[in-house]
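Chemist: What follows is each chain in one-letter form.
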Amino acid sequence: AQKITQTQPGMFVQEKEAVTLDCTYDTSDQSYGLFWYKQPSSGEMIFLIYQGSYDEQNATEGRYSLNFQKARKSANLVISASQLGDSAMYFCAMREWRSGTASKLTFGTGTRLQVTL
Amino acid sequence: NAGVMQNPRHLVRRRGQEARLRCSPMKGHSHVYWYRQLPEEGLKFMVYLQKENIIDESGMPKERFSAEFPKEGPSILRIQQVVRGDSAAYFCASSPRARGEKLFFGSGTQLSVL
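So the protein sequences, as listed, match chains A and B.
Under our numbering, residues 1 to 117 are what the first sequence spells out, in order.
Under our numbering, residues 118 to 231 are what the second sequence spells out, in order.
Warning: the hint list may mix true and false statements.
[Claimed, not checked] List time: in silico DMTMM-like cross-link candidates among lysine to aspartate or glutamate, alpha-carbon distance up to 20 Å:
#, chain 1, residue 1, chain 2, residue 2
1, B, K219, A, E44
2, B, K219, A, E15
3, B, K219, A, E17
4, A, K3, B, E189
5, A, K3, B, E174
6, B, K219, B, D173
7, A, K70, A, E56
8, A, K3, B, E135
9, A, K3, B, E169
Hints were generated in silico from the structure; no laboratory data involved.
Being a predicted model, the structure only gives us computed values, none of them experimental.
In isolation and in its complexed conformation, chain A is listed as follows (with noise of 0.2 Å):
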């Protein structure tokens, strides 16, 4: 089973709007960690924004802010006025620890997100 899933392969948005990045995740731990990255066309992982399973509050970062709803197992970007700049490859990941234990991040395989005039 898919331990990431996101949906959406492809977006758009014009310019200024608001626009909600899906994400859902799989996992039987209790305590974990789920992570927004952009990939923009020059190739890099730029982190965006960090969930921990037992942060009460939704985590916010300038435009970022992340829905968490536990109950439903996803964890929805949502990017708030988007700038052209914002097109992008935009990746879904969750790390979880286990007997204290770090294990690996696993990526969702991707939005690609088109900010339009």
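Starting from the known structure of chain A, arrange chain B on it as the hints suggest.
Modeler: What follows is chain B alone, placed relative to chain A:
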């Protein structure tokens, strides 16, 4: 404070040659992860190392691939007798501790096999 440094940025090899990819983690980071990204796909985990130890190599192909992280010097991902299917972007990430929240990624090495 320099970030995660990977070199070379681009590497071209002919089939059958060896490829060596280097990764210098951020200062003070002793945990290194290697990932591979095929075109239009997400990153796939390969191996997790701490200084001088391989912690998790569940994503490494059984043959031709090896990784090390010596006490001194960068982490090395080595691919012997490369084939066209090895063409991909290889990313290295580091973290300061096992339970670190965030992995810091390098800019990747694009391997092209002719």
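Chemist: Against this structure, judge whether each hint is valid.
Modeler: Verification of the supplied hints:
| no. | hint | in the structure |
| --- | --- | --- |
| 1 | K219/B <-> E44/A | 15 Å, holds |
| 2 | K219/B <-> E15/A | 29 Å, violated |
| 3 | K219/B <-> E17/A | 28 Å, violated |
| 4 | K3/A <-> E189/B | 35 Å, violated |
| 5 | K3/A <-> E174/B | 18 Å, holds |
| 6 | K219/B <-> D173/B | 18 Å, holds |
| 7 | K70/A <-> E56/A | 10 Å, holds |
| 8 | K3/A <-> E135/B | 33 Å, violated |
| 9 | K3/A <-> E169/B | 29 Å, violated |
The structure fails hints 2, 3, 4, 8, 9 (numbered hints given earlier, in ascending order).
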